[in-house]
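Colleague: We have chain A; now place chain B onto it with these hints.
2 protein chains.
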Amino acid sequence: MVTAFAHGAASIKPYADLEECRKAASQGYETSGERNGIKVEGFDRGNSPFEYMHEGIRGKNIAFTTTNGTQAIEKARNAKHLLIGAFLNVSATADMAASLNEDLIIVCAGWKGRFNLEDTLFAGALAGRLESTFRSDDDALIAAVTIYREAKKDIVAFLNRSSHVQRLNRLNIHEDMAFCVKEDEYSVVPALKGDHLTV
Amino acid sequence: MVTAFAHGAASIKPYADLEECRKAASQGYETSGERNGIKVEGFDRGNSPFEYMHEGIRGKNIAFTTTNGTQAIEKARNAKHLLIGAFLNVSATADMAASLNEDLIIVCAGWKGRFNLEDTLFAGALAGRLESTFRSDDDALIAAVTIYREAKKDIVAFLNRSSHVQRLNRLNIHEDMAFCVKEDEYSVVPALKGDHLTV
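Same order as they appear, the protein sequences are chains A and B.
The number in my numbering is simply the position in the first sequence, starting from 1, with 10 added.
The number in my numbering is simply the position in the second sequence, starting from 1, with 10 added.
Be aware that one or more of the hints could be misleading.
Put simply, identical chains are the same to the list, so a pair is met inside one copy or across any two.
With a cut-off of at most 30 Å between alpha-carbon atoms, the simulated BS3-like pairs for lysine-lysine come out as follows [said to hold, decoys possible]: (1) K192 - K70; (2) K85 - K33; (3) K203 - K162.
Hints in this document: simulated from the structure, not taken from any laboratory.
Isolated chain A (complex conformation) (with noise of 0.2 Å):
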C-alpha cells in the first residue's frame, strides 16, 4: 500500500472480504488481492512491493484485500485518525502519529489472530522513534523495542528465521522481504478517509 502511494495511486479502499473486493472491480477499481501470501486468482495484482513499481499505477483507485492487513484496518476503522506504516514509511509515520497529539494505538496486523515477528519488529521501529513523544509502560511495547534494537543490525536475517519466511515459500519471497524492511525508503503515509486510504 505504501508503495502504491508512493507511485501515485489516488486511493485504495480496504476490504475485509474477499469476495466483496472482487466485485469492485465493476465499479472502477483495480483489484490487489493476498491471501496466505499468494496473489488472488483473476486479482490485478497481489501483495509484492514490485507490482506497485510503475508508472501504470499512477492515478489508479485500487480495491485491496490482504489475510491479516486489510482485516486490522477493518477492526480499527472506528479509530479518530487510522494511519498505514510500515518499514518503508517508518519515520513519516512516526512524525504524523506525533503531530495528531493524541494516544497511540499501534495495532499489529500479526497471522491469522497470531503474533507474528515482521509486524512487531516495526511496532518496536516505530516506538523507538516515539519514545520522547509518547510516554508508554506497556510490557508488549518494551518487548517490540527490545526486539528490535536486537534485529536491526540485520533484519533480513532474523526474519529468516522466523515462519514468516516458510509461510510465504515463494520464489521472490526474499526479494520482496529485503525491500519491505528497507527504513524510510518512502515519505507518504496512507490515512484512511472515510472508506478509503489516500495521502
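Modeller: Structure of chain B alone, referenced to chain A:
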C-alpha cells in the same frame, strides 16, 4: 507454588474461581489466594514466595487461586502432562519437558488475557535451554528467546521498566521479584495429577 513444594508442601489444588477456592478451607486445605497482586482477605497466604519458605508448609495440602496462573492451568488441564515452571526451577523444568518425549507448548499465564513481560522472559529462558531438544519456527518463541537474551544481564532492571512493577505497587514487590527471577534455586517440578499438583 514452586517455593511451596521446595519447602515440603504435599499438594496444591489449583482453582480458577476464588469462592470455590475459599470453600476448600472446610475440606482440610490451607488457602492461598491472590487477586491483582494482593493477598485475598481471609486466605491463609498470598502469592509471595517468602510466605512459603518455612517448616509450617511441610505436608500441607493447599488450595490455590491466582489472577492468571490458576486460570492458565484450568485452560491447559487436558494436556497429557502439565508442568509448573518458573525461573526458580527452570533447568529442572527443561530437563523434565525434554524427558517426556512429547511436543511442548509453553503457556504464559500473562496478565488478564494480555501479554506480559515476566512470563515471556521465562518462556525465553526455558526455550533457550531446549534448543537442542525441540525444533520450532514459532515467531513468539523466537521473540521470547531474543528478549530473554537481551534482558538476562540484569532481569531485575529490565522488569523495573515493565507494567508489573506499577501493577503490583506494594512494599515487598521488589523483594519478591528479585527472588522470583533467580534461576535454579530449586529442582522440584510440580506436575498436575488429576485435580492436584504434586512433585
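Colleague: For each hint, tell me whether it holds in the structure or not.
Modeller: These are the hints, each one checked on the structure:
In this homomeric assembly, K192 and K70 come within 30 Å of each other (Cα to Cα) only inside a single copy, at 25 Å, whereas the closest approach across copies is 59 Å. In the homo-oligomer, the alpha carbons of K85 and K33 lie at most 30 Å apart inside one protomer (21 Å), although the nearest pairing across protomers, at 42 Å, exceeds that limit. Neither within a single protomer nor between protomers do K203 and K162 lie at most 30 Å apart by alpha-carbon distance, with minima of 33 Å and 45 Å respectively.
Checked against the numbered hints above, the structure violates only hint 3.
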